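Visitor: For reference, the chains in residue letters:
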Amino acid sequence: MENEIQQLVLTFFNMQGIKCKESEDNIWTAQIPAKDQSFFNSGAILKFTFNREKAEMHRDVEIICDGSFLFRKIIEKLGSTPKVSRVFIGKQPEIPADSGVKSLAEKMHYQTSVAFNFKVSFNYDQKIEKLYSVVENPSDSSLEINDKLFLLDLEDYSEEPDPRIKLEDPGTDVLKKYLLACQKLEKHIQEEVDKYKKISQEKCQEEMKVFDDYLNEQKFELLQKKENVSFHLYFFQKEEEIDKLINNLDEERKHKIKELEEKYKVKVNISLINVVLLCVPVSGTNKTVNSTAKVIKLKEVN
Amino acid sequence: MKSNSLLKTRAEKAPLIKCESHSASSFTFQIKGKAFQQGYLFMNPQMKALFPFNGELVSITFIDDNEVTHSAIYQRMRGYMVCLSFGEWWERNGVKEGDSVTIELVDLTSKTYRLKLNNGKQEIVEEYEEEVEFKLSSDCSSDIVYDEHNLDVLKCIVDKKFSPYNETKLVQKSHELVCGTNTNELMALKTCFGVSAYEHQLQTAHAVIEKLNGRALLADEVGLGKTIEAGLILKEYLLRGMVKRVLILTPASLITQWQEELDVKFGLKFKNHQEINDWEESDLVIASLDTAKSQKNQSNVQKIKYDLLIIDEAHKLKNKKTKNWQFVNSINTKYLLMLTATPIQNDMIELFNLISILKPGHLSTVQKFKDDFLAERDKRLPKNSAKLREMLSDIMIRHRRADTLIKFPQRFVHTYSIDLNEDEAALYCELTEFIRKRYFTLPTHKNPRGINRLTLILLQKLMGSSAYALTKALEKMIDSNFYKDEFDESLQKLLDMAKNVKQSKKGQVLMEIVKTVKEKVIIFTQFRGTQEYIVKLLEDEGYTVSVFNGQMSQTEKDKAIEDFRNNKQILVSTESGGEGRNLQFCKFLVNFDLPWNPMRIEQRIGRIHRLGQKDDVHIINLSAKDTIESYVLELLDKKINLFRLIIGELEMILGNMQTKKTLEQIIIDIVTMSPNQDAMKRKFLTLGNKLEKALQTHNEITKAQEEIFNGE
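First to last, the protein sequences are chains H and P.
Using numbering that gives the first Met the number 0, read the first sequence as starting at 0 and increasing by one per residue.
Using numbering that gives the first Met the number 0, read the second sequence as starting at 0 and increasing by one per residue.
In short, the hints are calculated from the structure, not lab data.
Here the structure is a predicted model, which means the values were calculated and not measured.
There is no bait here: all hints are sound.
Beyond 10 angstroms from chain H on every Cβ pair, some chain P residues (computed):
1. T68
2. S281
3. A401
4. P408
5. I619
6. K637
7. T658
8. M672
9. E691
10. A703
Here are the simulated DMTMM-like cross-link-like pairs (lysine to aspartate or glutamate), alpha carbons at most 25 angstroms apart as the crow flies:
11. K369/P to E216/H
12. K320/P to E239/H
13. K159/P to E154/H
14. K31/P to D172/H
15. K304/P to E201/H
16. K319/P to D249/H
17. K322/P to E258/H
18. K638/P to D625/P
19. K76/H to E280/P
20. K692/P to D677/P
21. K172/P to D146/H
Cβ coordinates follow ideal geometry from the N, Cα and C atoms, glycine included.
Generate coordinates for the entire structure from the input sequences, incorporating the hints supplied.
Guide: Shown next, in the form of structure tokens:
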């Protein structure tokens with residue numbers, strides 16, 4: 000985990016164009032441009048370490064580890080950076096010069112399939128986060144859902160299209176596919192949502208019952224008291240006082256029920272992490288012809 | 000560009016709507032073509048005016064005549080809307096091509112519109128009678144919410160802003176790392192400093208988060224680190240994203256200590272009530288209960304929905320009829336932690352009242368509670384303690400020192416009562432007399448304490464520390480030219496006397512102590528002047544000395560501590576608390592002077608005598624005979640055993656004194672308001688008796704807790 004965090008953070012700095020180097024054993028120094036200093040809550044130089052003991056000894060050195068301030072900021076920043084990649088897989092078949100056949104490029108176009116990566120947060124009394132991907136099957140455009148993120152398991156891909164092959168705008172279709180993916184995802188997680196709802200409702204009802212009994216008993220005690228005040232010299236005043244107390248109980252009930260409902264309400268937040276557009280050259284109009292998409296696999300991410 | 004033209008051609012070839020009428024809030028049109036059925040609504044400029052949003056992609060909600068919600072994405076630049084359930088609506092209502100449809104604006108803020116069929120088949124086709132399950136991105140949906148950020152990602156596709164796959168992968172990796180965190184582990188521990196969390200503290204944090212649903216009474220015996228437990232829970236909730244808005248209510252005297260501990264140990268920057276303008280704007284706030292419940296702030300605090308509320312010294316909420324209780328009970332919070340080592344002080348009902356805030360009804364009603372648990376002979380004792388303990392286990396966590404198996408080292412106190420040198424004693428008398436006189440001739444009747452009160456007290460304290468520190472302060476005062484006439488003359492006289500002090504008796508004793516100890520020693524003083532003096536004294540004798548004070552930068556402080564740990568024998572420090580640094584490798588502490596605020600003394604002791612110290616520690620007090628410091632020392636040592644108290648116990652004892660003034664304020668009053676030495680001694684004696692009584696009450700309470708919670 001520590002190594003993974005280190006790798007991620009250093010790549011992040013690199014991505015942001017921030018230079019950093021290991022200035023002494025396990026202590027890193029990064030030169031933070033003025034525009035980023037408030038984000039990092041630092042000056043021009045940010046010293047950080049991935050080693051807890053180092054951080055304990057050097058309080059001016061920021062610790063980066065699971066849960067640390069800086070790590071959270073970086074994750075936050077990465078999470079809020081919209082990322083979409085378009086990769087081109089497969090090449091136009093090479094045709095020997097002496098074969099007498101012209102390039103197939105004219106008859107080919109890129110067929111785009113899409114992979115959505117989602118993070119779903121289930122918030123109730125607890126918070127559970129899960130990752131899913133919804134990937135389009137290029138052969139029949141159906142969407143498949145997976146309980147892990149889509150990761151392109153190919154070395155051989157390009158980020159630039161073959162200029163000879165036609166490339167269509169995927170915009171309109173992708174919006175619709177996104178909605179379909181969300182639909183699919185919602186159905187997929189429904190069981191889980193119901194499970195959390197049930198747990199939450201049970202806890203909420205349990206607490207609500209205890210509270211209700213408590214208020215009812217209190218009310219009952221007050222009403223009994225009210226019956227007995229007729230012997231009191233200023234009984235009307237006493238009665239008013241008791242009525243006020245009963246009203247207060249009702250107010251307390253409203254307040255408490257609202258608080259409990261808020262606490263145990265299951266809230267699900269779906270966030271789109273990124274999208275990968277996979278473009279495969281196909282010939283003619285038949286989408287299944289010559290598709291190299293079969294080699295695109297989901298890599299196990301654990 | 001090419002694709003744009005492609006789209007235009009497509010729209011032109013098949014016009015999909017035909018406008019019938021329109022106004023600022025509605026648009027009626029005829030549906031043409033198949034696009035609507037397939038989930039697309041292509042618009043003309045008049046229709047676009049009905050959707051005056053800035054974003055390129057916008058989430059829109061439609062509600063149809065059957066109150067079914069349809070969620071759509073509006074692509075503003077290209078003027079079309081995508082909605083999967085338009086087709087279902089079409090089928091359900093038996094819409095035909097050419098039918099008239101109206102879109103009406105319902106609420107611009109929530110981007111909600113009504114979708115009406117004007118002349119189509121009105122009856123609902125049977126097979127679609129059941130509710131459409133699919134809902135998306137709608138404010139009406141209470142369960143599932145889509146992140147606003149999702150549209151930004153999609154916008155990248157529309158705008159063809161593609162990133163290198165490595166970057167996309169990195170974003171993904173960050174989510175995997177965060178989601179892969181084992182939720183059984185406390186993340187908070189990894190980022191805390193100076194916190195060696197003990198088993199009982201971890202147990203508490205786990206239990207509160209996993210079993211008690213975040214509402215608990217933390218009632219560990221004093222000295223077991225309730226603040227650390229609360230800090231761990233707080234940090235864990237923050238890291239897990241379950242808590243954002245936190246309010247800590249604590250006695251005013253502990254605000255700074257909480258603030259410092261949360262900052263240094265947990266990296267949490269809380270603002271105190273003086274640092275905020277608007278309670279609503281600040282997520283992490285610490286305040287005194289009195290400030291929060293004041294007329295000025297009360298309604299603001301009650302309006303806010305807090306995620307976590309922490310109440311320190313919660314026994315102050317023992318009485319249901321008080322404003323304190325009613326105010327805390329009215330604060331809206333999801334999670335609630337109440338901290339006290341003494342949930343019961345005088346009466347079992349106090350415990351009932353505390354639990355009633357946490358989980359009303361858990362112990363039933365007052366009457367039932369009295370019937371079931373209250374023994375008639377003593378209000379502090381339950382009659383059915385086993386059952387009560389069982390019920391409390393769902394809401395209260397209490398550890399005893401004996402249960403934790405933590406070895407608490409002994410504390411040995413050595414007090415050196417020192418006769419001042421002749422010149423020192425003369426200076427002391429002259430200065431004390433000067434202060435007393437000046438105090439009684441301060442400027443106006445309305446402001447009898449005047450502006451010089453603090454300065455006078457400071458001079459008295461400086462004298463109690465060292466003549467060297469006093470000399471430096473007097474020089475500054477005279478150089479400032481602020482003090483004139485007779486006052487200036489008196490100051491000059493005092494300065495001359497201070498300069499003539501050749502040798503400090505306390506300094507000599509200190510040197511003897513250091514010579515005997517031959518181990519690492521921390522010497523505490525309140526003043527920089529005295530610090531300089533001690534350092535010079537020690538270095539002249541060849542000792543290795545590390546210096547630590549508030550004017551040093553963080554790096555310098557780190558270096559000072561590291562030097563002390565690895566190379567130097569002595570640390571001379573002016574700062575007693577808050578640094579949270581691990582100094583347990585040292586077991587000798589010298590109080591060169593004594594703060595009048597006993598909490599500061601406790602903090603000094605806490606630097607070495609705390610959880611984690613393995614050896615017995617020695618506290619050495621230097622006290623000059625017949626000085627105010629010697630009276631203060633006697634008061635604290637003899638009357639309440641300050642130097643033997645467990646850290647945290649002092650606050651509880653002082654809490655029993657039934658006064659709003661701090662002990663330091665009381666001491667200052669005694670010093671400045673006594674007309675002569677005898678009167679001062681008498682007042683100190685009375686104060687001592689009060690302290691003794693407070694200690695006695697504390698002991699009785701402690702004994703009662705034992706009987707209730709442990710049946711012993």
